[in-house]
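51 is the number that the UniProt record's numbering gives to position 51 of the sequence shown; each next residue is one higher, with no gaps.
Simulated from the structure, these hints should not be mistaken for lab results. A portion of the hints provided could be inaccurate.
As the list claims (entries may be wrong) - With beta-carbon atoms standing in for the labels, derived distance ranges:
1) P74 x S46: 13 to 21 Å
2) V26 x M55: 24 to 32 Å
3) G66 x E18: 26 to 34 Å
4) G44 x E18: 14 to 22 Å
5) T45 x P74: 29 to 37 Å
6) E18 x Q57: 17 to 25 Å
7) R64 x G44: 27 to 35 Å
8) G44 x T73: 27 to 35 Å
9) V26 x P74: 24 to 32 Å
10) I72 x G44: 26 to 34 Å
11) E18 x N56: 24 to 32 Å
Predicted model, so just to flag it, every value in this text is computed and none were measured. Just so you know, even glycine gets a beta-carbon here, dropped at the ideal spot from N, CA and C.
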Amino acid sequence: MKKFNTVKTFANNPAIEERRFLFEVVGISQQGSNNLDYPIRQSGTSFIAVPYSRMNQEMTRINRLGGKIVNITPIGINTPVQAKSLSSSSETTTNNQPMTQAKDKKEKKR
């Protein structure tokens, strides 16, 4: 009898599936074919939105196409609900001034 190992994944977790990332890529040539007899210079910036579950495949594809990932930015992430009560957080934000405030240099000289 064969033993099967169970692999736990987060694929069914909606919080994981909703995570998307925006890849900023330079050096990818145009998609599709062209009718020119000479190569087109690969330049410009492309933005590609990728779900978390396909990040590795997309990075591999970009690398194979000769592109370079310049920046990865998370998009569409739902922030978790804060556990603090509203009354305690409102006490700290009632006076619209930063908690640490430097005194003016003119006041110190007097």
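Here is what the structure says about each hint:
Restraint check, P74 to S46: a C-beta distance of roughly 18 Å satisfies the suggested window 13 to 21 Å. Between V26 and M55 the Cβ separation comes to about 18 Å, which falls outside the hinted range of 24 to 32 Å. The supplied range of 26 to 34 Å is met by G66 and E18, whose beta-carbon atoms lie about 31 Å from each other. Here the CB-CB span from G44 to E18 is close to 30 Å, at odds with the stated 14 to 22 Å.
Hint check: T45 to P74, Cβ distance near 18 Å, so the stated range 29 to 37 Å is violated. For E18 and Q57, the Cβ-Cβ distance of about 18 Å falls inside the hinted range of 17 to 25 Å, so the restraint holds. Taken as a hint, the range 27 to 35 Å is violated for the pair R64 and G44, whose Cβ atoms sit roughly 18 Å apart. In this structure the supplied range 27 to 35 Å is violated for G44 paired with T73, their Cβ-Cβ distance being about 18 Å.
Evaluation of the 24 to 32 Å hint for V26 and P74 yields a failure: the beta carbon distance comes to about 20 Å. The beta-carbon spacing between I72 and G44, approximately 18 Å, falls outside the hinted interval of 26 to 34 Å. Restraint check, E18 to N56: a C-beta distance of roughly 18 Å breaks the suggested window 24 to 32 Å.
Going down the numbered hints, you'll see the structure goes against 2, 4, 5, 7, 8, 9, 10 and 11, while the others check out.
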